[in-house]
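Top to bottom, those sequences are chains S and L.
Here the numbering used here is used: the first residue of the first sequence is 231, the next is one more, and so on.
Here the numbering used here is used: the first residue of the second sequence is 231, the next is one more, and so on.
Quick caveat, the hints were computed from the structure, so don't treat them as lab data.
Please note that a few of the clues may not be correct.
Computed list of lysine-lysine pairs in DSBU-like fashion (alpha-carbon distance at most 35 Å, straight line) [unchecked claim]:
#1 L/Lys-377 to S/Lys-658
#2 L/Lys-658 to S/Lys-710
#3 L/Lys-705 to S/Lys-710
#4 S/Lys-448 to S/Lys-484
#5 L/Lys-658 to S/Lys-705
#6 L/Lys-658 to L/Lys-705
#7 L/Lys-658 to S/Lys-297
#8 S/Lys-384 to S/Lys-705
#9 S/Lys-658 to L/Lys-710
#10 S/Lys-658 to L/Lys-297
#11 L/Lys-615 to S/Lys-378
#12 L/Lys-343 to S/Lys-615
#13 L/Lys-448 to L/Lys-484
#14 S/Lys-658 to L/Lys-705
#15 L/Lys-297 to L/Lys-378
#16 L/Lys-384 to L/Lys-705
#17 S/Lys-691 to L/Lys-710
#18 S/Lys-710 to L/Lys-710
#19 S/Lys-615 to L/Lys-378
#20 L/Lys-343 to L/Lys-377
#21 L/Lys-658 to S/Lys-377
#22 S/Lys-264 to L/Lys-615
#23 L/Lys-297 to L/Lys-705
#24 S/Lys-658 to L/Lys-384
#25 S/Lys-615 to L/Lys-264
#26 L/Lys-384 to L/Lys-264
#27 L/Lys-377 to S/Lys-615
#28 L/Lys-378 to L/Lys-705
#29 L/Lys-710 to L/Lys-378
#30 L/Lys-691 to S/Lys-710
#31 L/Lys-710 to L/Lys-384
#32 L/Lys-658 to S/Lys-378
#33 S/Lys-377 to S/Lys-705
#34 S/Lys-658 to L/Lys-378
#35 S/Lys-377 to L/Lys-615
#36 L/Lys-457 to L/Lys-521
#37 L/Lys-658 to S/Lys-384
#38 S/Lys-705 to L/Lys-710
Number of protein chains: 2
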Amino acid sequence: ATFTIIVPLLLLLLLLSCLRSAFTIDPEPQFIEKYFPQVLDHFNYNSLGNGTFAQHFFVSLDQYWRKNYGPIFFYTGNEGDIWDFALNTGFLTELAAVQGALVIFAEHRFYGKSLPFGQESFNIPQIGLLTVEQALADYAVMVTELKKELGAQKCPVIVFGGSYGGMLSVYMRIRYPNIVAGALAASAPILSTAGMGDTRQFFWDVTADYENYNPACKDTVREAFQKLQTLAEQEDYTHIQSAFSLCKTPSSPKDIHQLNGFLRNAFTLLAMLDYPYSTTFITALPAFPVKVVCDTLLNGTDVLSALRDAVGIVYNATGEQTCYNLYSLYVECADPTGCGLGLNSLAWDYQACTEIEMCFESNNVTDMFPPMPFTQRMREDYCAKRWAVVPRPGWLRTQYWGDALLTASNIIFSNGDLDPWANGGIRKSLSPSLIAINIPEGAHHLDLRASNTADPSSVVKARQREAELIAQWVKTSREKMF
Amino acid sequence: ATFTIIVPLLLLLLLLSCLRSAFTIDPEPQFIEKYFPQVLDHFNYNSLGNGTFAQHFFVSLDQYWRKNYGPIFFYTGNEGDIWDFALNTGFLTELAAVQGALVIFAEHRFYGKSLPFGQESFNIPQIGLLTVEQALADYAVMVTELKKELGAQKCPVIVFGGSYGGMLSVYMRIRYPNIVAGALAASAPILSTAGMGDTRQFFWDVTADYENYNPACKDTVREAFQKLQTLAEQEDYTHIQSAFSLCKTPSSPKDIHQLNGFLRNAFTLLAMLDYPYSTTFITALPAFPVKVVCDTLLNGTDVLSALRDAVGIVYNATGEQTCYNLYSLYVECADPTGCGLGLNSLAWDYQACTEIEMCFESNNVTDMFPPMPFTQRMREDYCAKRWAVVPRPGWLRTQYWGDALLTASNIIFSNGDLDPWANGGIRKSLSPSLIAINIPEGAHHLDLRASNTADPSSVVKARQREAELIAQWVKTSREKMF
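Put together the whole structure using the sequences plus the hints.
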C-alpha cells in the first residue's frame, strides 16, 4: 500500500522538477562563491610571495552550461569587489543562457576579498605584488586549473571586462591566446592609460556631456567655479563654507583645491554613469543623471548653492548628509578621474602610481573645470611620497602594445559616446577581427549591463553584434584550437 | 709651396679612404661594447630591485647599417657571456652586411657581466630577479630605448637566438609583436622545456647520433658503462680510479653516480656540438667530434680506457689534465643535459629549478647510458634544498603557449637533425608564417654560425631561406607597421 502511494508521488515530483527546469529561466544568475589557491608571486620564486593566497571568484556551474561543451565566459575582475561587477554585468549571464556557457567572475588581487596579506596587503612591500602582470597571470593559471577540474579542457574561453577590466580582457587575449579565444572589452581606455593621446581629452569629454545636454549647463558650471575662485582669492572662507554646506570652514588654498577636486569628481562620475535608468553601481543614481544635474543647476537661484545641490546627487543620494566632509567624501590620488568613492581607493591609487598612467588635466579652456594640472612630475612626487615608487611612463605601452595591435585578433572594443573614457580607447576597427563598436547613447560599459526596457536601440544592436561575434569565435575555436 | 703639397696629399688620403670603404668588407664584426641602465625589477615596484643595473651589450653601429632605415638584428642573449655568442653567431653579421642592418647582441641578466648585484647576485633572495619574464622585459625596454637614442624608431626589429636564446626569440615575437617584426629561433626546444613530449627523447636522440655514425659505437659505450657498473657493484674502486684516471679514488655509490654523470655529459655535449669543422664554443672541439669520439672508442684496447680517452676530447682538449677531478669538471644540477662546463652554471641551475622544465631521463633501454632518472619529485627536492624554491610545472606552457602557437606569425623554427634538442622543438611548419626549417646535417644551431667551407649544403640552403624570409618580414613591416 505504501508502495502504491510512493511511486506516483515520486513520479509527480520528478515531472514537476522537469517542467520547472524546462519552462523557468531564472532572471537572476545563481552563482557559487569559491576561492582559488592562487600563486602569490608569479614572477619571483624567492620573494615574500613564496606561497599562495585565496582568490575570490564566482561560478555559475550548472545553470546554463552545456557541460564539457559550452564555452566559458570569464569576467576579468577589475578594481573592486567582484560581486559588484557580477551584479552590474547582466549581459554575461543573459548571453550564457543563450549560448550554453559557464560563467566565471574572478576577483582582481588586492580588491574585495582577495587580499593576499589580509589587512597588511596595503603595506610596503606587500603591495608590490599588485601589478597588471600578476593579475593576468592569476587569471591564466585560474582558467587553466579550473578547466582541468571541471573537465572543460575543450571549452573555448571568452573573456569579458569593463573599463580597467576591459583593458585586462584585451591583455588576456593578446598575452594568452593559447587560453583565451576572444575578448569583449567594454569601455577599455587602453590608449589614454598608456600615456597615449591628449592629456586634456578626458575632462574635455566630461564637459561635452553637459554641453551636449544644454550649453547653458556648461556655462553655469564654469560660472560657479569662477565665483568660487573669486571668493577663495578674497579668502571669504565663511561664505564658501555656507554656500557648499561644508562641515569645516576651509582655511587654505589646499582646502580650496580639495573642494575643486570634490566638485569636479561628481561631474566625472555622473558623466561616466549617465545610464537611461536608475542604477546602484558605485553609488545610487537616478536615470539620466547628467540631465538631472543640469536641471538642478539651471533651476537654482544662485550658482553656488545650485552647484552644491547638483553634486549632492552623487554625495548625498540618501539625503542623510547635513554637511560635506571634503576629505572623507573625496580622496585625491594618482587618478585624477577619481579614487575616492566606492572603489577600493588604496589599491587603485597604487596602480595609478605604477603602471596605469593617467596624467589628465583640466584647464578651464578645453573644459569647464578649474585648471588642475597633473603632470608626470606631480605624479612622480606624489607616488614617491605615498608609496615609495617611481612610475615608469611608457611601460604599459611597451608591455601591452599601445596601438600596435595589428597582430592581435578576436577583440571587440566597445565604447559609448557619452563616456569620457571612450576616446582613450579604440574607436575604429583595426582589422576584420579587431572590431570597434560605438554606442552613441551609451555611457561607461552600458553594453555589459543587463537588458533594460529603457535601453536605447544602439546598445541593443551592439549587444546583438557582440553576441554574434562571440558565437563565431567559439565556433572557429572549436574547429581549430585557436 | 706648402699648399701645393698639402692639397694633393689630402685628396690622395680621401681617395684611399673612399676606396677602402668601397672594396673592403671586414670579415670580423666591429662591435662597440656598451652598458644599458636596465630596470632591476619590471614586475614589482616595491622590491629590493627598486633601481637599475648595468646590462652589457654590443652594437655594430656604423658598420653595415643603412642609418635610420635598415633593420635592427637583435640577438636575445642566453645563458652565458654575450661575447661568446657574438663570436659564434657569424650568420647575423653576414646577414647584416647584405641587408644593411644594425646588429645588437644583448646579454641576459645574471650572466656574463650583467650581474645585477655583482658577486651577491647568486644569493637568495637576489637571484629571485632571474626569470624569463624579466629577461624579455629587459630586451623590450632596451630595444625601445635604443631605437629612440639612435633615431631608429621606424627600423623593423628582427630577433635571433639559439637554444634557450632561440626560445627567448620566439617569446619576444609572441609577447612583443609591437616591438619585434619576426624571429629566427635556432634549435629552440620550446616544447621539451615546457614539460611537453617524452622525457626519454633527449638521451634517446643523443644515442642516435652515435648509433648513426656506427652502431658498434653505441654498443661499445653501453658495454663500457656496463663494465663500470659491474666494477662498482664489486666495489673495485681502485680499478675504476685507474681506468678513468681519476684524481681521487671513488668510495661510494654517490661517486659512481657522479662519474656516470660526468661521462654522459661528454657524449651529450659532443652530440650537440657535432659541427663539420673545429670550434671553440663552450670548449675547444675537433671537426666532427662524434666521429672522433667513436673512432677513439672503437680503436681502444679495453673499453674502459677507451671511454676515458673518448671523454678526454671534452674534458682534456689541451692534454693538460693528468687526472680528472669529477666534482669540478662536472657539476650535477637541475639540468640533466649538463650544467657544468663553460656556461654559467649557477644561474642556469636556478632557471632549471624554476621555469625551465628539463626532467629528462636516461634508462639504458631507449638510450646507451646508465639509468639516471630525474623526476619532477627529484627536481623539487633538489631545488628546495639548493635554492629554496618550488618549481611550477606547467607555468612555461601557460605563459608561452606551448604548442598552441597558431595566433603567432613570422617565426622560423630551425633545427638540425643531429641535435638532441631538435625533437623538443617545432619540426613541422604550423602556418605560412610559422615555418620549420630542418637541417639534416646540422647540429645545435649550426645555421647561426658564420659560413664555412665545410658547411653541408643543407645549412647553406637553410640560411638562404632564412635570409629571404627575414627580408620579406622587414619589407612587410615597413609597409604596415606590423
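Hints, one by one, checked against the model:
{"no.": "1", "hint": "L/Lys-377 to S/Lys-658", "result": "holds, 28 Å"}
{"no.": "2", "hint": "L/Lys-658 to S/Lys-710", "result": "holds, 17 Å"}
{"no.": "3", "hint": "L/Lys-705 to S/Lys-710", "result": "holds, 30 Å"}
{"no.": "4", "hint": "S/Lys-448 to S/Lys-484", "result": "holds, 25 Å"}
{"no.": "5", "hint": "L/Lys-658 to S/Lys-705", "result": "holds, 26 Å"}
{"no.": "6", "hint": "L/Lys-658 to L/Lys-705", "result": "holds, 25 Å"}
{"no.": "7", "hint": "L/Lys-658 to S/Lys-297", "result": "holds, 34 Å"}
{"no.": "8", "hint": "S/Lys-384 to S/Lys-705", "result": "holds, 12 Å"}
{"no.": "9", "hint": "S/Lys-658 to L/Lys-710", "result": "holds, 17 Å"}
{"no.": "10", "hint": "S/Lys-658 to L/Lys-297", "result": "holds, 34 Å"}
{"no.": "11", "hint": "L/Lys-615 to S/Lys-378", "result": "holds, 30 Å"}
{"no.": "12", "hint": "L/Lys-343 to S/Lys-615", "result": "holds, 34 Å"}
{"no.": "13", "hint": "L/Lys-448 to L/Lys-484", "result": "holds, 25 Å"}
{"no.": "14", "hint": "S/Lys-658 to L/Lys-705", "result": "holds, 26 Å"}
{"no.": "15", "hint": "L/Lys-297 to L/Lys-378", "result": "holds, 13 Å"}
{"no.": "16", "hint": "L/Lys-384 to L/Lys-705", "result": "holds, 12 Å"}
{"no.": "17", "hint": "S/Lys-691 to L/Lys-710", "result": "holds, 32 Å"}
{"no.": "18", "hint": "S/Lys-710 to L/Lys-710", "result": "holds, 28 Å"}
{"no.": "19", "hint": "S/Lys-615 to L/Lys-378", "result": "holds, 30 Å"}
{"no.": "20", "hint": "L/Lys-343 to L/Lys-377", "result": "holds, 23 Å"}
{"no.": "21", "hint": "L/Lys-658 to S/Lys-377", "result": "holds, 28 Å"}
{"no.": "22", "hint": "S/Lys-264 to L/Lys-615", "result": "holds, 34 Å"}
{"no.": "23", "hint": "L/Lys-297 to L/Lys-705", "result": "holds, 16 Å"}
{"no.": "24", "hint": "S/Lys-658 to L/Lys-384", "result": "holds, 23 Å"}
{"no.": "25", "hint": "S/Lys-615 to L/Lys-264", "result": "holds, 34 Å"}
{"no.": "26", "hint": "L/Lys-384 to L/Lys-264", "result": "holds, 22 Å"}
{"no.": "27", "hint": "L/Lys-377 to S/Lys-615", "result": "holds, 32 Å"}
{"no.": "28", "hint": "L/Lys-378 to L/Lys-705", "result": "holds, 21 Å"}
{"no.": "29", "hint": "L/Lys-710 to L/Lys-378", "result": "holds, 20 Å"}
{"no.": "30", "hint": "L/Lys-691 to S/Lys-710", "result": "holds, 32 Å"}
{"no.": "31", "hint": "L/Lys-710 to L/Lys-384", "result": "holds, 11 Å"}
{"no.": "32", "hint": "L/Lys-658 to S/Lys-378", "result": "holds, 28 Å"}
{"no.": "33", "hint": "S/Lys-377 to S/Lys-705", "result": "holds, 18 Å"}
{"no.": "34", "hint": "S/Lys-658 to L/Lys-378", "result": "holds, 28 Å"}
{"no.": "35", "hint": "S/Lys-377 to L/Lys-615", "result": "holds, 32 Å"}
{"no.": "36", "hint": "L/Lys-457 to L/Lys-521", "result": "holds, 23 Å"}
{"no.": "37", "hint": "L/Lys-658 to S/Lys-384", "result": "holds, 24 Å"}
{"no.": "38", "hint": "S/Lys-705 to L/Lys-710", "result": "holds, 30 Å"}
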